[in-house]
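Participant: One rule links them: number in this note's numbering = place in the sequence shown (from 1) + 27.
Just to be clear, a hint being listed does not mean it is correct.
[To be verified] Below are the DSSO-like pairs computed for lysine-lysine, each with C-alpha atoms no more than 27 angstroms apart in a straight line:
hint	residue 1	residue 2
1	Lys88	Lys73
2	Lys156	Lys166
3	Lys166	Lys151
4	Lys88	Lys56
5	Lys173	Lys156
6	Lys173	Lys151
7	Lys151	Lys161
8	Lys56	Lys73
9	Lys161	Lys173
These are calculated hints, taken from the structure and not from any lab test.
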Amino acid sequence: MEKLLQGAPAQDKAEVWRVREEMEIREAKTILEAVLFAMGGSVELKSLAEAVGQDEETTGKLVRSLADDYDAQGRGMRIIELEHAFQMCTRPEFYENLIRVTAQPRKYVLTEVLLETLSIVAYKQPVTKPEIEKIRGVKSDHAVNKLIEYGLVEEVGRLNVPGRPLLFGTTEEFLRSFGVSSLEELPVTSPEQIEEFKAEAEEEAQLTLDV
Numbered sequence: 028m029e030k031l032l033q034g035a036p037a038q039d040k041a042e043v044w045r046v047r048e049e050m051e052i053r054e055a056k057t058i059l060e061a062v063l064f065a066m067g068g069s070v071e072l073k074s075l076a077e078a079v080g081q082d083e084e085t086t087g088k089l090v091r092s093l094a095d096d097y098d099a100q101g102r103g104m105r106i107i108e109l110e111h112a113f114q115m116c117t118r119p120e121f122y123e124n125l126i127r128v129t130a131q132p133r134k135y136v137l138t139e140v141l142l143e144t145l146s147i148v149a150y151k152q153p154v155t156k157p158e159i160e161k162i163r164g165v166k167s168d169h170a171v172n173k174l175i176e177y178g179l180v181e182e183v184g185r186l187n188v189p190g191r192p193l194l195f196g197t198t199e200e201f202l203r204s205f206g207v208s209s210l211e212e213l214p215v216t217s218p219e220q221i222e223e224f225k226a227e228a229e230e231e232a233q234l235t236l237d238v
């Protein structure tokens with residue numbers, strides 16, 4: 028290519044390099060599309076960078092550009108970002124169409140109790156069960172276990188104190204389900220909201236005693 032460009036006008040050389048760069052970008056995005064489709068689940072940015080032979084910053088820009096392409100073209104698939112990872116998935120608006128040809132996936136129901144427990148885990152993580160119960164004012168074994176069953180909460184380690192209680196945090200499924208790419212995108216909570224959690228938990232405990 029360099030030999031062919033020797034002696035060519037600067038404008039022609041610039042055009043050739045522009046075309047070459049566009050081809051390289053198109054090829055890299057095609058590779059990323061293939062990897063995301065084949066893996067099915069989320070793929071870490073580091074792995075995607077290795078697939079296209081680029082640094083993570085450049086790869087991140089390429090994946091986001093590919094996601095923009097999907098959105099602009101109104102494709103049935105979309106690419107979502109999940110804390111240093113990306114995933115290809117179907118658009119939620121086509122859910123009703125999908126269940127016509129496949130078994131309907133199990134849906135979970137998030138009650139107020141589960142939602143407030145999940146909120147505490149999301150904002151306080153990593154957090155122990157006793158800490159959750161201190162905020163809620165009631166036992167939270169059932170709520171935490173249900174959230175683990177739903178894949179929204181997971182064990183992330185143990186606190187380095189006597190008894191070494193388990194620490195809990197939110198999962199990638201939590202980000203996916205609530206449509207955020209990272210915990211930094213969660214709305215800011217206030218002390219008043221935490222007090223509301225406590226009041227609701229106390230009311231729940233009183234109702235249990237009355238029954």
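Participant: Each of the hints needs a verdict: does it hold here or not?
Facilitator: Evaluated hints:
1. Lys88 x Lys73: The hint holds at about 13 angstroms.
2. Lys156 x Lys166: holds, 9 angstroms
3. Lys166 x Lys151: OK: lysine 166 and lysine 151 at ~17 angstroms, within 27 angstroms.
4. Lys88 x Lys56: Distance of about 10 angstroms is within 27 angstroms: holds.
5. Lys173 x Lys156: holds, 13 angstroms
6. Lys173 x Lys151: holds, 18 angstroms
7. Lys151 x Lys161: Status holds; Cα separation ~12 angstroms.
8. Lys56 x Lys73: holds, 15 angstroms
9. Lys161 x Lys173: Answer holds: lysine 161 to lysine 173 is near 19 angstroms, not above 27 angstroms.
Going down the numbered hints, you'll see the structure goes against none, and every one checks out.
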